[in-house]
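> Sequence:
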Amino acid sequence: MGENGFRQRLFWALCLVGLFAILSSTMSKNPVLNPFARSLQTPDQLLGLVASASTVPGILVSLPAGWLSDKLGRRKLLLASSVVFASAPFLYLLVVCWWQLALVRFYHGFATAIFVPVANATIAELFPKKKGERISLFSSVTIVGRASAPFVGGYILSVTTYGFHQLYLAVGVAGVTAFLLSIALIKKPVSTVASFASSRVDIGSIIREWGEAAKNKLIVAAGVVEAAQYYTFG
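Residue numbers (my numbering): 141 to 374.
Simulated from the structure, these hints should not be mistaken for laboratory data. Check the hints yourself; a few may be wrong.
The calculated DSS-like cross-link candidates involving lysine-lysine, where the alpha carbons are at most 27 Å apart (straight line), are [said to hold, decoys possible]:
| no. | residue 1 | residue 2 |
| --- | --- | --- |
| 1 | Lys169 | Lys270 |
| 2 | Lys269 | Lys211 |
| 3 | Lys357 | Lys270 |
| 4 | Lys211 | Lys355 |
| 5 | Lys357 | Lys216 |
| 6 | Lys270 | Lys216 |
| 7 | Lys269 | Lys216 |
| 8 | Lys211 | Lys169 |
| 9 | Lys271 | Lys216 |
| 10 | Lys271 | Lys357 |
| 11 | Lys357 | Lys211 |
| 12 | Lys211 | Lys270 |
| 13 | Lys269 | Lys169 |
| 14 | Lys271 | Lys169 |
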């Protein structure tokens, strides 16, 4: 397979993994999270804490995940995120109180926090002259999973009578599918395409590079806009 063929194959593999991964993560919270939390007798004032627990990893690891993928290779980080996508859904089956649900949500949040920035970075490197077009296409594919999740989840809730376990089993099926696809399709390239090669981690350079990013007005502006988007739409 030529280099261009590898680029195309990896791109569509990322899209397919992203579709099932985002379907899984979104279905785990919408529309099931609030009724599940209430069934666990979660105090009203803590419902927001449970719901937001999965966003904390995004604050903590999105930046270092992207940086580590520069140094350790995209594939390792993508596979790590797929492990979380595959394992987290089954932990919901063990939850018996609200704080356990918050902990599972926190763990589940690492999946998207790692996957999205690393996948976008991979696509940007695969298609340096068409990165905007390809990242937009990737985003559109994942939105299909995000948009269909509430319908699928709501349907499962409406036709099952044994609590929330069937829904989280379906979430697990989607997560495991993303994991298996990532193993089968995201192969190590024969060249240095997409920076899969390893390099030594220099902790000192982290501060310098993060400082440079914080001084970039375009990066800061994009971050503010995205923050406003998440604040508005969740």
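> Each hint should be assessed against the structure and marked as holding or not.
Against the structure, the hints:
no. : hint            : result
1   : Lys169 / Lys270 : violated (33 Å)
2   : Lys269 / Lys211 : holds (23 Å)
3   : Lys357 / Lys270 : holds (23 Å)
4   : Lys211 / Lys355 : holds (22 Å)
5   : Lys357 / Lys216 : violated (30 Å)
6   : Lys270 / Lys216 : holds (24 Å)
7   : Lys269 / Lys216 : holds (25 Å)
8   : Lys211 / Lys169 : violated (33 Å)
9   : Lys271 / Lys216 : holds (22 Å)
10  : Lys271 / Lys357 : holds (20 Å)
11  : Lys357 / Lys211 : holds (25 Å)
12  : Lys211 / Lys270 : holds (23 Å)
13  : Lys269 / Lys169 : violated (36 Å)
14  : Lys271 / Lys169 : violated (31 Å)
Of the numbered hints stated above, those contradicted by the structure are hints 1, 5, 8, 13, 14, listed in ascending order.
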